[in-house]
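Visitor: Generate the whole structure from the sequences, applying the supplied hints.
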Amino acid sequence: MYPRAFDYLAPETKEEVLDVLAERGDEVKILAGGQSLIPMMKLRLASPGTLVDINRVPDLDSISIGNGHLTVQALVRHNDIVNSELVTTENAAMASAAPWISDPIVRNLGTLAGSVAHHDPEGDWASVMLACGAQVVAESRDGGERVIPITEFLTDMFTTSLQPTEMITEVRVPRYASRTTHEHAPPRGGGNYQKLERKVGDYATVGVATHLELGDDGGISKAGIALTSVYPHNLKVTEAEHLLVGSQPSDELFAEAAEIAKSACTPASDVRGSAEYKKDVVRVFTERGLAASLAGAQR
Amino acid sequence: MTTTTDHNHPITTPEVGGIGHSIKRHEDDRLIQGAGNFVDDIVLPGMLHMTLVRSPWAHATINGIDSSAAEAIDGVVAVVTGELLAEYNLAWMPTLSGDTQAVLATDKVRYQGQEVAAVIATDPYVARDGADAVVVDYDPLPVITNPMQGLESDAPIIRTDLEDKEDNVVYEWEAGDAAATEEAFAKADRVVTVETHYPRSHPAPLETCGIIADVSPVTGEATLYMTSQAPHAHRTVFALVAGLPEQNIRIISPDLGGGFGNKVPVYPGYVVATAASLVIGKPVKWIETRYENLISTGFARDYYMKGELAVTNEGKILGLKVDMLSDQGAFFADAQPSKLRAGLFEIVTGSYDLQAAHVTTKGVYTNKAPGGVAYRCSFRVTEASYLIERLVQNAAYELEMDPAEFRSMNFIQPDQFPYESATGLVYDSGDYETAMRKAMEMIGYDELRVEQAKAREEGRLVGIGIASFTDIVGAGPSKDYDIIGLKMFDSAELRVHPTGKAILKLGVKTQGQGHETTFAQIVAEELGIPATDIKVVHGDTDNTPYGLGTYGSRSTPVAGAATAIVARNLRDKARDIAAHMLEASADDLEWENGKFSVKGSPDSSVSIQDIAFAAYTNLPEGMQAGLEGVHYYDPPNLTYPFGTYIVAVEIDAGTGQWKVDRMVAVDDCGVRINPMIVDGQIHGGLTEGYAMSNMQFMTFDDDGNCLTAHFDSYMIPTAWETPRFELGETITPSPHHPIGAKGVGESATVGSPAAYVNAIIDALQHRGVTNIDMPVLPDRVWQALQDSEG
Ligand SMILES: Cc1cc2nc3c(=O)[nH]c(=O)nc-3n(C[C@H](O)[C@H](O)[C@H](O)COP(=O)(O)OP(=O)(O)OC[C@H]3O[C@@H](n4cnc5c(N)ncnc54)[C@H](O)[C@@H]3O)c2cc1C
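Residue numbers (numbering that gives the first Met the number 0), protein chains in the order written: chain A, 0 to 298; chain B, 0 to 789.
Among the hints, erroneous ones may be present.
What the hints assert, rightly or not - Straight-line distance between alpha carbons at most 30 Å, and here's what the computed DSS-like set of lysine-lysine pairs gives:
#1 A:Lys41 with A:Lys198
#2 B:Lys534 with B:Lys500
#3 B:Lys453 with B:Lys486
#4 A:Lys198 with B:Lys658
#5 B:Lys572 with B:Lys486
#6 B:Lys500 with A:Lys41
#7 B:Lys534 with B:Lys23
#8 B:Lys453 with B:Lys437
#9 B:Lys23 with A:Lys278
Unchecked claim - Derived DEER-like restraints, expressed as beta-carbon distance ranges:
#10 A:Gln297 with B:Lys453: 26 to 32 Å
#11 B:Val536 with A:Leu42: 38 to 44 Å
#12 A:Thr158 with B:Ser787: 40 to 46 Å
#13 A:Asp102 with B:Glu165: 37 to 43 Å
#14 A:Thr158 with B:Leu205: 34 to 40 Å
#15 A:Glu26 with B:Asn36: 37 to 43 Å
#16 B:Glu165 with A:Met0: 40 to 46 Å
#17 A:Gln247 with B:Arg289: 48 to 54 Å
#18 A:Gln247 with B:Gly679: 26 to 32 Å
#19 A:Leu8 with B:Val536: 47 to 53 Å
To be verified - Sample of chain A residues lacking proximity to chain B, with all beta carbon distances greater than 10 Å (derived):
#20 Tyr7
#21 Ala9
#22 Ala21
#23 Gly65
#24 Phe157
#25 Pro248
Calculated from the structure, these hints are not laboratory results. On a predicted model such as this, the values are computed, not experimentally measured, just so you know. All residues carry an ideal CB built from backbone N, CA and C; glycine is no exception.
Guide: What follows is the structure, encoded as structure tokens:
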């Protein structure tokens, strides 16, 4: 496990980071938690000429409430999310997914921003972000700030619309509608993450993120379903989301949505299991996830 | 003849800490404070670093190797190829099982990851750059990835290097009595069959293999710091391979980060590093990466087994037939006793009294890494134990009997020991029924069966699995057991110093088993010297007596016996010194609590410490000074630990995942020297058994690419998914071992896989499912459920 030689820079301000990106562009890689980048370098699957380590940049590690959303800054670790009370009350899908990300060691270092930037189709966060409808905020020296909807940000596996000169500064994740409109109303949203893994620290064999919000009539006002590890990239199941929105929740409806999710994915047969198996687990997990999301919303 | 008790009753005081005391491990002081000394910790002046170039192909002709680009890299000192080694007659080496193995491939590569060239450089990063720059021109050949393919008539021949080799068969071997078995089967009412693949697994010690070879250009002395479970045997192999005079080779095996059988074979990397140091005149360090360890070093198992059990309708087992194919990889580098091609597979009759058995097996070359080591199992016992326990469970279903009652009806009874099995083994002692009843009581077997019936009505899939295994360890008696001709005795040298402190030197070598503590406790028991006053030295061929090393649970049965006997020999001498000191006749002395006293006048006594001092200061006329000795122990028989494991599982019908609700393990390993260490060994083995049944296997695609070559795909369970274990014990001493101990390092790996799998099958058998191969991955369970519904 010996990487090729590289330059290492560790600036102490965001501006310096953006300068490095502007000047060295393509050959630079940002180092956040290093939990994807370092293993790839050690296996020589990635050999960036320069690493710019952002861990010394101040004021980049908070979770806060923004305008209708949760703001997760670039250096927020997976474990910060596990331990965040804000996340627990404001976004159940995230709260449910966070403990499933790898193991405590990886969670202490890895970041949500790094995970979506990496866009590994086996990464869990991108599915959660797709299901919830998140936005990615990117910044560059010469281009300023861009707010990119997650569906436009994630373009293909291991590929995003982020420019080589840009750095992600934060990710914005919606809070439940009812919470934001009238502060004291019970949450009318729920979310969930179902994951099949072989052991702690394993990537998903199948992962399903679900997100539901209910209107005053108890009908579904917003729905999100996204899948991990069963398609060339994290897959948002738009057709199933459309089916759900505007309907009253029911087991039959969820089963129908789950069938749609099952036929939308195209997993590969591999050491983790056959394609048919994985597809069926998508179905089972979508049903279970929607049921759990509904239970959360009705609480 | 056998005694079965619930507890060890220590004879020595806690201060002395002899047998039966759970004293803390001496080695842990340094290990848990990060002050251990592993091969990779060692840095020698001027040391160079070596990286191996490995084949990306499973089977390919080598047309040529171009190392010019690598040699041009700043810091690269040399590139070694097989062609170069051939000049020194080192391109091939003998394996532990009498075959030859390429050190660096010259003609063709025979498995993915095979060693092709070595780059020696000033640091490991540059060595890696150099390895990447070596260009090898390959022509891919057709690939064999399993033994069935290997036996096909048009299969490509893998071992074209062997003269006149026209097939891929490594060996054919049989055990038992074919005619008697046919007769038994003729009398049977039913025959129950289990066909299963015991998958290839890998010991995967956390510390990978490595060496620092330091050959002095001046004296020619070779000091090899090496990850070795068997330093003495390795020294002899080195002397034979490299032609170095044996007195000039010193192997130091420092702290080892696990071995589990993986550090028994001699690997090409060791040989190349040694040759490189010899030629360059500087120390050369080679440490494998995880990937290299998994793809190229000694694997375990990979047996395709068909077992048939002949039973009567009343529930009596009459006979057993087994036919197997063994995937040996590209070279036969099995680390088994020479005469036993299938190791100790003869233990396949297990804990059951049956009239006849017959085993046939064929080993086949394939385009996979060589090995066949005892991954925490005494030579193929894991496969044997798994097969019989799966068969017995399925036979009970076939006869609609409770699997526990069926076992009970067929157990070898305590009064049948020593028991000669249908395959010719002589079991030393056992009490299987008592161990099983104890496990059943601990888990609440009858209540569990009631709960299971209820759960089934609710549509839940709940199962209870039993394994009542018999292990066979402690190889072995010299008449039957050798490795490349070296008899499998072992040794202990004990020196008691004038102040009454002692040093014990062993031919075996711990890899985490706790020898520095356990063996001190044996001496403490025999001589009354506190265990903390005894230093255990091992793993240095210049400083320890010859021994065959640690694997196959043999250290306590063999070296433990040597230790007890050498201590007893010193006690005999101590008696004579005491007689002199007390001015009494030796016959009038009695030994108790570390003292000799004159019978009838207990005040007239001398302690072992007094005697030790006298051994150097005040000897009787004509007696040699000192209190020391050495003993080489040739065991009269193997030992047969046993036990019953019971597992309760629940299956998620939606995903096929299974979860262990309870796991009870009752072990009988004879007398327990340090009960805490024994429990630790059992915990480890139960975890590895769980891993193999649940998630762990080495697997390959049709082109021979290893699909499980990193820890992201070769699964090692963490504390999170590992079940909680409830341990129990019975104690049936070995009648032929000086302290009645049997060895326990591997019992749990041997016994537990069948318990887990039997539990899963128990949950599914009402749906017609009779077998799922290990690892019982969720998709295999799901598939079985789909098929059973269809
Ligand atoms: C053993 C192990 C198990 C794992 N298991 C899981 C799992 O179960 N589920 C899962 O989802 N993930 C898993 N991961 C991956 C982990 O979640 C990573 O932390 C995450 O994918 C990347 O975040 P990071 O901060 O570590 O990014 P890094 O590794 O530092 O970077 C990853 C990529 O993102 C870029 N990047 C990082 N931050 C920014 C930024 N602010 N702006 C622009 N680009 C940026 C980097 O340049 C790089 O290309 C595992 C990792 C390991 C080592």
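Visitor: Among the hints numbered above, which are violated by the structure, and what are their numbers in rising order?
Guide: 3, 6, 9, 13, 18
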